[in-house]
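S.K.: With chain A fixed as given, assemble chain B onto it according to the hints.
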Amino acid sequence: KNEVEQSPQNLTAQEGEFITINCSYSVGISALHWLQQHPGGGIVSLFMLSSGKKKHGRLIATINIQEKHSSLHITASHPRDSAVYICAVTKGGSQGNLIFGKGTKLSVKP
Amino acid sequence: NAGVTQTPKFRILKIGQSMTLQCTQDMNHNYMYWYRQDPGMGLKLIYYSVGAGITDKGEVPNGYNVSRSTTEDFPLRLELAAPSQTSVYFCASNRETPNYGYTFGSGTRLTVV
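Those protein sequences? They're chains A and B, same order as listed.
When you line the first sequence up against the numbering used here, it's residues 2 to 111, in that order.
When you line the second sequence up against the numbering used here, it's residues 54 to 166, in that order.
Each hint should be verified, as a subset may be incorrect.
[Claimed, not checked] List time: in silico SDA-like cross-link candidates among lysine to any residue, alpha-carbon distance up to 20 Å:
1. K92/A - D126/B
2. K97/B - V28/A
3. K92/A - I66/A
4. K106/A - S159/B
5. K103/A - D91/B
6. K97/B - E4/A
7. K55/A - V113/B
8. K97/B - S46/A
9. K67/B - G116/B
10. K103/A - P40/A
11. K103/A - Q90/B
12. K54/A - Q67/A
13. K97/B - S122/B
14. K103/A - N23/A
15. K103/A - V113/B
16. K110/B - G93/A
17. K97/B - Q67/A
[As the list claims (entries may be wrong)] Computed Cβ-Cβ distance ranges for the label pairs, DEER-style:
18. S120/B - H79/A: 40 to 50 Å
19. V45/A - G104/B: 36 to 46 Å
20. K110/A - I68/B: 18 to 28 Å
21. P111/A - N81/B: 22 to 32 Å
22. T123/B - H70/A: 37 to 47 Å
23. K110/A - P128/B: 19 to 29 Å
[To be verified] What the simulated footprint calls covered on chain B by chain A, stretch by stretch (three residues with Cβ under 8 Å from a Cβ of chain A suffice, anywhere in the stretch; the number is not a length):
24. 87-97
25. 101-114
26. 158-165
No lab work stands behind these hints, which were simulated from the structure alone.
The structure displayed is predicted, hence computed values, not measured ones.
By construction, the Cβ of each residue, glycine as well, lies at the ideal position given by its N, Cα and C atoms.
Extracted from the complex, chain A is given alone in its bound form (with noise of 0.2 Å):
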């Protein structure tokens, strides 16, 4: 079992729906990360998180240490979010290595 889980893998929206992405993890950590990558593009970093809640624009990453949870919501989406959304964790006591889920493409629709 990989130790960072995203749900869902795929997801279709239609323009100017809100979205939410989740990520679990089974390790103890320091950080959890919110990434994004287009297509054939680089990752730049969205959020870092190690407790409560981060907004940027129309992004909101929340995180809930007990339950070993986090979300990332897009409110009033737009195609130009079109993209694959990761979510990686530092590990507690690691040298700052991330462990990565294998993202969600996200597609929104005109």
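M.R.: Relative to the frame of chain A, chain B by itself:
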């Protein structure tokens, strides 16, 4: 600032050839990492470095070597390329773990034929 710069962006190698993937960062980050990304899989750590002169193996180091002679540069060397090394390679850096965000390079798409 340029961030993390990777070269080349694309490369096709023949089986048995060698090459070096270059990675440089201008943020004075101590921590640097090499990951590979295979279709349908999460990124896997190849090697990492916590500072100049210090490197260590990650999850999938076989067939690769690294060096870290300066803070800025962290090249990844492939010796005797094999088809299993066909992948997209990402270099990343971080100022100080665990509480800082990561900066990723734009990736190198490598095909071994």
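S.K.: Is the hinted pair K92/A and D126/B satisfied, with a Cα-Cα distance of at most 20 Å?
M.R.: violated (25 Å)
S.K.: According to a criterion of three or more residues whose C-beta lies within less than 8 Å of a C-beta of chain A, is the region 87-97 of chain B covered?
M.R.: holds (count 6)
S.K.: When you check the alpha-carbon spacing of K110/B and G93/A, does it fall within 20 Å?
M.R.: Judged against 20 Å, a Cα distance of about 18 Å means the pair holds.
S.K.: Starting from the range 22 to 32 Å, see whether the pair P111/A and N81/B falls in it by beta-carbon distance.
M.R.: Cβ of P111/A to Cβ of N81/B: about 43 Å, so the range 22 to 32 Å is violated.
S.K.: Quick one, are K103/A and N23/A close enough, alpha carbons at most 20 Å?
M.R.: holds (12 Å)
S.K.: Assess, step by step, whether the Cα of K106/A is no farther than 20 Å from the Cα of S159/B, and give holds or violated.
M.R.: holds (19 Å)
S.K.: Under the criterion that the straight-line Cα-Cα distance not exceed 20 Å, is the pair K67/B, G116/B satisfied?
M.R.: holds (15 Å)
S.K.: Would you say the C-beta atoms of S120/B and H79/A sit inside 40 to 50 Å of each other?
M.R.: holds (43 Å)
S.K.: Cut-off 8 Å, C-beta pairs, minimum 3 residues; does the coverage of the region 158-165 of chain B by chain A stand?
M.R.: holds (count 3)
S.K.: For the pair supplied as a hint, K103/A and P40/A, confirm whether the alpha-carbon distance does not exceed 20 Å.
M.R.: holds (15 Å)
S.K.: For the pair supplied as a hint, K92/A and I66/A, confirm whether the alpha-carbon distance does not exceed 20 Å.
M.R.: Holds, at roughly 13 Å.
S.K.: Going straight from one Cα to the other, do K55/A and V113/B come out at no more than 20 Å?
M.R.: With a Cα-Cα distance of about 33 Å, the restraint between K55/A and V113/B is violated, given a limit of 20 Å.
Checked against the numbered hints above, the structure violates hints 1, 7, 13, 17, 19, 20, 21, 23; every other hint is satisfied.
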